[in-house]
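K.L.:
When the letters of the sequence shown are read in order and numbered with the working numbering, they come out as residues 1 to 109.
Misleading hints may appear alongside valid ones.
Unchecked claim - The following label-pair restraints were derived from C-beta to C-beta distances:
#1 MET99 - ASN66: 24 to 30 Å
#2 LYS25 - ASP86: 28 to 34 Å
#3 ASP45 - SER97: 17 to 23 Å
#4 ASP45 - ARG23: 19 to 25 Å
#5 HIS93 - VAL12: 17 to 23 Å
To be clear, the hints were calculated from the coordinates, so they are not data collected in a lab. Here a beta-carbon is modelled for each residue, glycine too, at the ideal position from N, C-alpha and C.
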Amino acid sequence: MALNKRGSRPIVVDGKGYRWIVRRKPTYSQGLTWSPLSFAVERTDPPGRATLVVQLASPHPANWMNAPSSPVLPSAVASAIRQALDLGWQPNHPGSSFMLNLGDEDQLP
1 MALNKRGSRP IVVDGKGYRW IVRRKPTYSQ GLTWSPLSFA VERTDPPGRA
51 TLVVQLASPH PANWMNAPSS PVLPSAVASA IRQALDLGWQ PNHPGSSFML
101 NLGDEDQLP
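Construct the entire structure; sequences and hints are all you get.
P.N.:
Dropping the structure here:
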């Protein structure tokens, strides 16, 4: 699954380029705060390889319940990329999405 370049943001972590994106509109369950905020990351060269999907503990910023949320900062994305690489994510190899759940106890700074 390749990320759309439109709306995604570039980031360089340890000398390698990545693109990351937060879904603009919440899904139905994110809108009702039943599921948490998530973002996706992939390597920029070569694109279209294994995607990293990171779930956070906070709700989506555009949730319909007016629940307080926090923005996803580039420093948090870089930290998640490093954690995923340490846990075995291989962004250069084709395959299914790598899920990284950063819930309450592992929240990003």
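K.L.:
Does each hint fit the structure? Answer for all of them.
P.N.:
Hint by hint, here is what the structure shows:
Checked against the given bound of 24 to 30 Å, the beta carbons of MET99 and ASN66, roughly 28 Å apart, stay inside it. Taken as a hint, the range 28 to 34 Å holds for the pair LYS25 and ASP86, whose Cβ atoms sit roughly 32 Å apart. Restraint check, ASP45 to SER97: a C-beta distance of roughly 19 Å satisfies the suggested window 17 to 23 Å. At about 24 Å, the CB distance of ASP45 to ARG23 agrees with the hint of 19 to 25 Å.
Against the hinted window of 17 to 23 Å, the Cβ-Cβ separation of HIS93 and VAL12 comes to about 20 Å, which satisfies the hint.
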